[in-house]
Structures are given as C-alpha cells and as structure tokens.
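The listed protein sequences correspond, in order, to chains C and B.
Per this note's numbering, the first sequence starts with residue 1, numbered consecutively.
Per this note's numbering, the second sequence starts with residue 1, numbered consecutively.
To be clear, the hints were calculated from the coordinates, so they are not data collected in a lab.
Backbone N, C-alpha and C fix where the C-beta goes; we use that ideal spot for every residue, glycine too.
Heads up, a few of these hints could be off.
If you anchor each label on the Cβ, the simulated ranges turn out as follows [unchecked claim]:
| id | chain 1 | residue 1 | chain 2 | residue 2 | range |
| --- | --- | --- | --- | --- | --- |
| 1 | B | I60 | C | S26 | 39 to 45 Å |
| 2 | C | V84 | B | D59 | 25 to 31 Å |
| 3 | C | G53 | B | T5 | 25 to 31 Å |
| 4 | B | D59 | C | K56 | 42 to 48 Å |
Now the stretches of chain C that chain B is said to cover, found in silico as 3 or more residues with beta-carbon under 8 Å [claimed, not checked]:
| id | stretch |
| --- | --- |
| 5 | 36 to 45 |
| 6 | 102 to 108 |
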Amino acid sequence: GQQVMQIPQYQHVQEGEDFTTYCNSSTTLSNIQWYKQRPGGHPVFLIQLVKSGEVKKQKRLTFQFGEAKKNSSLHITATQTTDVGTYFCAGPRGGNEKLTFGTGTRLTIIP
Amino acid sequence: DVKVTQSSRYLVKRTGEKVFLECVQDMDHENMFWYRQDPGLGLRLIYFSYDVKMKEKGDIPEGYSVSREKKERFSLILESASTNQTSMYLCASSYLSGYTFGSGTRLTVV
C-alpha cells in the first residue's frame, strides 16, 4: 500500500536557525497537505499543495511540492519557540478524502 | 471556524468494557474519520464515514465499530476494550480541503 515517509524523525535546532523536513511518497500524489501538532495538542491543518513544482509561503514557512508530485518539503526560516511541535505531511489515498499521514518530524528548539 | 468536539479528553476504562467515543462537527461536512495516534506509529485510520449510515474500514478496524446516524455525529465503539487499545483517539472531519481534528481522547484501558 501507499507509504509516506518523513525525514528526519527528530530535529533539534537553536532558536533562530532554519529547519527543513522532507516528505516522500511511494506513489504519485494528487495533492499534499501539511499539519502541525503542538505538544499535547491535536494536528492542525497548515496548507495544501496541488500543482507540480508548487511553492507556497506562510510568513517564515515555505512549502514545496516536487515536480514528480511524489515529494514535498517544509522549510522554516529563523525558528522561534512557537514553532515547536511535530510536522506531518499527508497524501490522499483512494477517494472520499482519506489521507495517509507521514511519520512526522518532531522539532524542538534550544533557546 | 469548523469545530470538531470530542466528548471526553481523558477516559479510563476496564478491560472488557464497551466504550463509546463521541465526535460532533458543526459544519455539515460529509466526511468524518477516526484515527488513533501512538508513539512511533503515527496516525492510523480506524474507520471513516462519507455520509450518514455509510462507513468503511480503515487500516486497523479490528476491535472497533462505528455509528453515524446523523451527519454531525460519528461515534467510535470499542466492543470489548483491551489494554492494547490504550491510545490517543482523534476524530476529524473534512470537505474538499484539509482535515479539522478534535482535541482528542486519551483512553487508558486497565
């Protein structure tokens, strides 16, 4: 079945450093979604990318969808303590908006 | 904003009990989902529903059933709770875009 892998599993950065997480799917995706889960919280939808090669920005966050629509990345510039959490990518599987979630990257910030 | 409400934040149940987890959404979404989240295993789909009384199994449906009698409510039922069902349970709803998750129910089966 479809697999969605993310690397790295964990990332510790100094506050102010950049952070990137990578997402790779075993199958071509019609779209890719990104979620953030704060410690003790629930996943919150961040963004959806649909087009091959698409790049979208949300303040310090930059999301990219690969040309082959099998990989994606999330880059955070100049991390802040509010960025702490686990970032998940997710790709559709079959119909009815079912998603396969990636394994997640847990970001911790060293003040 | 879409709101997805899960009835309990924390729940402790005994082995063999029948457990009901309730989820209500207020935006008339067609699709609703139940996931469980475990360390190292990520989010795994248990069941989903794409309309009233319509349901399909996800990846790990064993030991669970669901009910969707009304569009806004999707219930997860643990027929006979077991210790390996101790987990965080997340309900979500969606329509044409990203999921909105509830706050989750942390279930402990003792």
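Cross-check of the supplied hints:
Judged by the Cβ atoms, the range 39 to 45 Å given for I60 (chain B) and S26 (chain C) is violated: they are separated by roughly 19 Å. Between V84 (chain C) and D59 (chain B) the beta carbons are some 29 Å apart, a value that agrees with the proposed interval 25 to 31 Å. For the hinted restraint 25 to 31 Å between G53 (chain C) and T5 (chain B), the CB-CB distance of approximately 39 Å leaves it violated. Checked against the hint of 42 to 48 Å, the C-beta distance between D59 (chain B) and K56 (chain C) comes to roughly 29 Å, which is inconsistent with it.
With a cut-off of 8 Å between beta carbons, the stretch 36 to 45 of chain C has 5 residues touching chain B; three or more are needed, and the interface restraint holds. Coverage of the stretch 102 to 108 of chain C by chain B holds [criterion: at least 3 residues with CB-CB distance below 8 Å; count 3].
Violation of the numbered hints given earlier is confined to hints 1, 3 and 4; the remaining hints are satisfied by the structure.
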